[in-house]
Amino acid sequence: MIELSHLTKVYGGIAVVNDVNMTIEAGTLTVIVGTSGSGKSTLLRMVNRLIEPTKGSVFIEGRDVSMLPAYELRRSIGYAIQNHGLFPHWTVARNIATVPMLLGWDRKKVDARVEELMELFQLDHEQFAGRYPHELSGGQQQRVGVARAMAAKPALLLMDEPFGALDPIIRAKAQADLKAIQRRTGTTILLVTHDMAEAVHLGDRIAVMDAGHLKQYAPAADILARPADAFVDDLIGTVDRPFHYLTLGTVGSAVEPGEADGAPLNADASLYEGLGALLWSGRKTAPVVDAAGAPLGRVSLDTIADRAARPQ
Amino acid sequence: MIRDMIRPGNLLRLAVFGALLAFLLAPDRFAGLLAPLTSNGAPPIYHQSSLIDLTLSHLFTVAVSTLAAAVVAIGLAIFVTRPAGAEFLALSRAVVNIGQTFPPVAVLALSVPAMGFGEAPTRMALFLYGLLPIFENTLVGLSTLPPAVMETASAMGMTGRQRLLKVELPLAMPLILEGLRLSAVIGLATATIGSTVAAKGLGEVIVAGLLSGNLAFIVQGGVITGVLAVLLSDGFQAVARYAAKKGGARPQTGA
Ligand SMILES: Nc1ncnc2c1ncn2[C@@H]1O[C@H](COP(=O)(O)OP(=O)(O)OP(=O)(O)O)[C@@H](O)[C@H]1O
Ligand SMILES: [Mg+2]
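For the protein sequence lines, the chains are A and B, in the order given. In terms of the numbering used here, the first sequence opens at residue 29 and continues consecutively. In terms of the numbering used here, the second sequence opens at residue 990 and continues consecutively.
Some hints here could point you the wrong way.
[Unchecked claim] Derived Cβ-Cβ restraints for the label pairs, each shown as a range:
hint : chain 1 : residue 1 : chain 2 : residue 2 : range
1    : B       : R1071     : A       : T213      : 56 to 62 Å
2    : A       : D223      : B       : M1139     : 23 to 29 Å
3    : B       : V1129     : A       : D92       : 37 to 43 Å
4    : B       : R1002     : A       : A204      : 50 to 56 Å
5    : A       : E154      : B       : T1090     : 34 to 40 Å
6    : A       : D334      : B       : M1139     : 48 to 54 Å
7    : A       : Y39       : B       : G1215     : 38 to 44 Å
8    : A       : D250      : B       : S1132     : 56 to 62 Å
9    : A       : G41       : B       : N1086     : 56 to 62 Å
10   : B       : N1086     : A       : S85       : 54 to 60 Å
11   : A       : D262      : B       : L1158     : 56 to 62 Å
12   : A       : I197      : B       : R1002     : 48 to 54 Å
13   : B       : M1139     : A       : D92       : 33 to 39 Å
[To be verified] Below, simulated DSBU-like cross-link-like pairs (lysine-lysine); rule was C-alpha separation at most 30 Å, straight line:
hint : chain 1 : residue 1 : chain 2 : residue 2
14   : B       : K1155     : A       : K181
15   : A       : K136      : A       : K181
16   : B       : K1155     : B       : K1235
17   : A       : K136      : B       : K1234
18   : B       : K1235     : A       : K136
19   : A       : K243      : A       : K207
20   : A       : K243      : A       : K83
21   : A       : K137      : B       : K1155
22   : B       : K1155     : A       : K136
23   : A       : K181      : B       : K1189
24   : B       : K1235     : A       : K137
Bear in mind the hints are in silico, worked out from the structure with no lab data behind them. A virtual CB, placed ideally from N, CA and C, is assigned to each residue, including glycine.
Between the sequences and the hints, there should be enough to build the whole structure, so can you do that?
What follows is the structure in structure tokens.
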């Protein structure tokens, strides 16, 4: 559990992070979202003390982070950023091994961990281990950056717009991978973005920042249904709201008995994807199957439309 | 490997080095070549000291003073790029600049009374003269590192010292080497003035030529120094290219 208590950072008389209080449950993925300059990165960097707060404290598992030497604290917290910051003079394997080496793991354990992570992030060990960062594509660099952040199995991972530089397709894949890896490892993740769709898609809870203030901190569905004020409302976007909402539910949750024609939809797909498939194929209903391909029933345009309406 | 060695550039380097070595080991064989530059039957080859001894002590003087300049200049550049030393940046710049603008001849004149004749005043002059290029290059190298890389180095939990040794210095290495190259090459040429205060070096041959009006002496002293400078500079660039390649070729080093 991470607790931010009255966290404040003042630059030149202006509080760019202003008295933020927040409790983050272990094992969850929390997204901090807000406009540019709202203080998201500053907030994130106070957690691993890249920035020292002007006021307030950060507690991790009840311990005040300012009690530990900064370098020791940071070795226990993963950190990944948009421009990945890979060390250009080190190979992919050496980059990923950074924190384990700093912690003095023995060679064999480091090598095994590097191989394990490269497999997890779908980077062929034989092909990529010996390459230098400038010999990788942007998407591969980004994966190496995240793998490096997770190398020493930190319980907490901080990510500052980790997917900001990726094209939409690679980005969607990276998001899905991150979510799957987070589920598998139980890592607590604190992720910064200014993209509301990314926030809704990834976040168990969303924290909305505006001009240094924490405006709202709630599960995605609550933020969409009951924005705290006009600013949050604006950030969600009036047009996009129902579609954001649909990304939260799965086709499986809207199944009704019955049959339908045409290509089946996967129960795991989001309602948003289901809607797209129905609209594009000109159908009012589609069959739904589970992961193994067994029929579960059908889903209809009307049900999906109902689910997109503002909850009362 | 073997392929790399027999590229035209390397063949030329080898040929130049071979020619220099041949001349230094048996200068008399080249007497015929230099004879047209003499008059009144003056000797075409300098014989007061052996040319190879003079060359070696010339190189040694340059090596010692460049090394000393490197230790001080790199140390100073590291110091002023740390938070604790930042306020000394302007002062260090000024001091190092004085070292460069003060003419080496004047340094010699001033240090002879204190240090006596011989190698010491020359080393002093070259040391002061060599500080600036190394200092400025190291400073640029250390202060233009990619911010994202510096930030993650800290965020991974490197201590200040680990960050310096594992990240900053290796990434600044191509520029530091460039500073060393400049200092060494300038030093090689400047060291010739050392013979005015009786330091052993190739300047002795040139000065002897000037005093006796023997053009052949001047040419051989000058050409040996020049060829050494070219070879040295070339060697430094090869090392810098290798360092840049390993460092993921930072933009300012091209390569
Ligand atoms: N070192 C600093 N000195 C002075 N002001 C700063 C400093 N760092 C950040 N700021 C200011 O603090 C505010 C918040 O910056 P921060 O980087 O946290 O914003 P952000 O929400 O991450 O924005 P973005 O989405 O553009 O990355 C900005 O107005 C910025 O100009
Ligand atoms: Mg930011």
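**OP:** Please write out, lowest number first, the hints stated earlier that are contradicted by the structure.
**Re:** 1, 5, 7, 8, 9, 10, 11, 13 and 23
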